[in-house]
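As a plain string of letters, each chain reads:
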Amino acid sequence: MEIIAKGISKRFFRKAGESNYFFAVKECDFSLPEAAVTILTGHSGSGKTTLLSMLAGLLAPDAGLVSADGRNLYGPDDRENSAFRGRHLAVVPQGRAVLDTLNVLDNCLLGLRLAGREAVDSIAKAEEWLDRFEILPLRSAMPRELSGGELRRVMLIRALMTEAEVLFADEPTADLDEENTEKVLEALQTAAHQQQKTILIVTHENEALKIADRVFRMNKGEIVPA
Amino acid sequence: MKRSHLVLHLSTAALALFLCIGTATFLGPCVHEDGSAGPCSDAGTASVLLSGVLAVLALLPLLPPVRRSPLMSVVPGAAGAILSVILFLVPGVLCRLCMMSTMHCLSVMQPAVRILSAALFVLFLASVVSNLRRRKAA
Amino acid sequence: MKRLAVKNLLGRPGRTAALFFLVLLLSLTLCGGGLVLSSLRTGLGSLENRLGADVIVMPAKAALKTDLDTLFLQGTIGPYYMNMSTVDKIAKTEGISRLSTQIFLSSMRASCCSIPIQVIGFDPESDFTVSSWLKESRQGSLDEGRLLVGSRVNANPGESIKLYNISCPVAGQLQPTGTGLDTAVYCTLPTIRTLMTAAEDLGGYSSISGDPSETVSAVYIKVKEGVDPKDVADSINVHVRKVKAVQTRSVITTVADSLSGLERILTLLIIAAAVLVWLVLFAAFTLMTGERKKEFATLRLCGLSRGRLAGLVFREAAIVSLLGSAAGVGLSFLLVHAFSGALGNALGLPFLLPSAGTAATLALAALFGCLLAGPLAAAVSARKLSRADTGLILREG
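Residue numbers (our numbering), protein chains in the order written: chain L, 1 to 226; chain A, 1001 to 1138; chain W, 2001 to 2397.
It is possible that some hints are incorrect.
[Stated by the list, open to error] Quick list of in silico lysine-lysine cross-link-like pairs, DSS-like style, CA-CA up to 27 Å:
| # | chain 1 | residue 1 | chain 2 | residue 2 |
| --- | --- | --- | --- | --- |
| 1 | W | K2061 | W | K2242 |
| 2 | L | K220 | L | K6 |
| 3 | A | K1002 | A | K1136 |
| 4 | W | K2224 | A | K1002 |
| 5 | W | K2089 | W | K2224 |
| 6 | W | K2293 | A | K1136 |
| 7 | L | K15 | W | K2224 |
| 8 | L | K6 | L | K26 |
| 9 | W | K2222 | W | K2089 |
| 10 | W | K2007 | L | K125 |
| 11 | L | K15 | W | K2293 |
| 12 | W | K2224 | W | K2244 |
| 13 | W | K2007 | W | K2384 |
| 14 | W | K2061 | W | K2089 |
| 15 | W | K2293 | W | K2061 |
[To be verified] What the simulated footprint calls covered on chain W by chain L, stretch by stretch (three residues with Cβ under 8 Å from a Cβ of chain L suffice, anywhere in the stretch; the number is not a length):
| # | region |
| --- | --- |
| 16 | 2010-2018 |
| 17 | 2282-2288 |
| 18 | 2387-2394 |
Don't read these hints as lab results, they were simulated from the structure.
We put the beta carbon where it would ideally sit given N, CA and C, even for glycine.
This is chain L alone, in the form it adopts within the complex (with noise of 0.2 Å):
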C-alpha cells in the first residue's frame, strides 16, 4: 500500500516574535511506497512526529490531502476512517501508548481484538513475538510494571500482529539495548522485504540507517535530501 502526501501543512499557536502560530510541517509532497523502509531523521522539533502523525491518519493536516492507495485517509466518515486505520495502518507512537488495564498479552492482541480479527491461532503468534522480543515471561505483567525498553517492544508487537500493510514507527528503538535494537530492526526489515508491508521510522539514531531503503531529513518543518 502507498502513502501519498500532497502539500500537507500543520501549524500550532505559538507566540513568538511577530506571528500567533508556527509551522510544524509546511507545504509538504511525501510518499511511501511498498516493501521498503523509509527513515526520517531530523533535529528535535523539526516537525517529524507531526508529519508521522499526519501520514497515519491521527493528525488531520490544516491544508493538502494524505491518501492511502488513493483512499483520502481524512474523509467525512469517521467511522470509516477508523475502520480503515484499524486495519491497513499500524503505529508505535514516540510516548506511551498501551491500556493500563490490560496485561502484556492482552496488549498485544489489542489491535486485532478491536479490528474484530482474532484468530485462533492469535495467542500463540502473540507469544512467539514476546519470546522472540525476549518479553514471553512478562505476558501476563501489567504495563505498570515494565520498563520503557520492554513497553516500546509490546507495542512494537502490537503493530506487527496487525498485520496492517503500513507500518508507522516514532523512535522505535528508543530505550532498547544494542541486541534489542538490532532484533527490531531485523523485524521491520523483514517485514518491509518478505511481507511486502510499506514502512515508515522516524529516528534520531544512526543504527536504524543501516535497514533502510531512503532516507528523509526534516527541518524546520520542511523535507530535505539526507
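Given the structure of chain L, go ahead and fit chains A and W onto it with the hints provided.
Positioned in the frame of chain L, the structure of chains A and W alone reads:
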C-alpha cells in the same frame, strides 16, 4: 501485606468498633424514664461485648506473628464470621427484647445490629477467602 | 468491547469504587426518599380508612388535656371516662345512623404488666370501626379474656400478655396501619371491664368513678347519608354536657396539612441531594476524562472510531450505574424497612410501608433514573474525548 488486605481488616475493625460504641450509646437498649433498664438490656450488653470481640478479631491478622502464618490469619476471620452470625441472632432470638415495636430496642437497636452484623459477616468471610488465597499462593 | 469495559472497571478499583459509591448515593437518595414519602402517604390513607367514624365524642376533660389532632397517631385519649347515661343522651341526637362505644385503658409499666400498652375495648355487635379491620386481618373470633394485638406489639398468637396481673392469651395480630393503633391491644367490652376492675384493685386508675360496667371512653358516630357531620357534632356539643364532639375529617385534615408541609421539605431535600450528587458524578467523569486522555488516544490509534470510543465510555458508566443503583435501591429498602418504626416515631406522622406494587414501581423508577444519570454525566466528557485529535494527545507525550 497488600494494601487491599489492610483496608479490609481496618474497615472490618472500624465497623465492629462503631457497632460496639453504638450499642453502648445511641444504638443501645431502652432505658425507662425512671432510669431503670428494660428487658432488652441483656441484648444490649451482649451486643456490646460481641462487637468488641469482633473488633479485636478483625485487628488480629495485622499482628506480625499472626500475619506471617497464612493459616493462623484465617482463624480470626473464621471466628469473626461465626460470631457475626451469633451477634445477628442476639437481639430478639438469643436475648429477648421489649414487647412494643416502637420501643428503641426494636425500632433502632435490633435493625442496626442485624444490618451491621450481616455486613461484618460478609467482611469476615472476605478476609477468610483472601487469606486462603494467600495461603494457596504461598 | 464489553470485556474491555469490564476490564477497565476492574483494572481501576479505586476509580470504579468511587463512581459506584456516588451512584449508590444517588439511588439511595431517590429510592429511600421516595419510600419515606410514599410510606407517609400510605400512612395517611390508612389513617383515613381506620378512623371509619364521622364524629367522635369524648369526655370534655380528655378534650382539654389531649391534642385531639394527633389523637390517633398517639393511640388513645388517656384515663378519662363518661357514664352510659351520657351515651344515651348522645344517641338521641338527630342525624345519627350508627353509634358504637369504646373503652380505653392504659396499662402501666410496672410489676402489674409485661408491657406499657393501650388497651381498647369495643363492642363487636355495634362496632363499625375496628371490626372491618379485624376482618381484613382474617383473625378468628375474639372470645372473652383474649386479645388481638396491633402489628407493633411484639407478641405472637399463642403467647400471653400480663395486664394488671391477669394473663391474657393473644388470639391474633392485626395488619399494620402506621398509626398509634398499631401499638394497642384490642378486646371485647367484658374483657376490658374485667381489666378495669383489676386496675382499680391495684390502685392504677383512680379516675374511674362508679361502676366500670357503666363507663365508656369514647363514642363513635356514623351520620346518616346527606347529614353534615359538623351539624351532628355541634348539636352534641350544645345539648350534651361534659362531652366534646369532634369531626374525624378535621383530624385527617390536620395530619394531611402537616404531611404536605413535610412532603414539600422532603421533596426539596431529595431533589437538592440528587442534583448535588449528580453534579459530583459529572465532575468525577470530567476529571477522569483528562486522566484517561492517553488511554483513549491509544484506542483511537488502534482503529477505534469516535462513536465506538464514546460507546465504551457509556458502557462503563452504564455498568457502574446499574450496579450502583441496584445496590442503592436494595440498601434503601433494607434501611427503610428495618428502621420504619424509628422513622415513624421520629416524624410523628402515620408511617406505613407502601404496597409491593408501589414499592416495585418506586424501585424501578429510581433504578431507571440512576441508570440514565451515570451515562448522562459521562456524555459531555465522552463527546469531548472523542473529538480530541489523537495525534495531538500523543504529541503531548
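Output the indices of the hints that this structure fails to meet, ascending.
4, 6, 7, 15, 17
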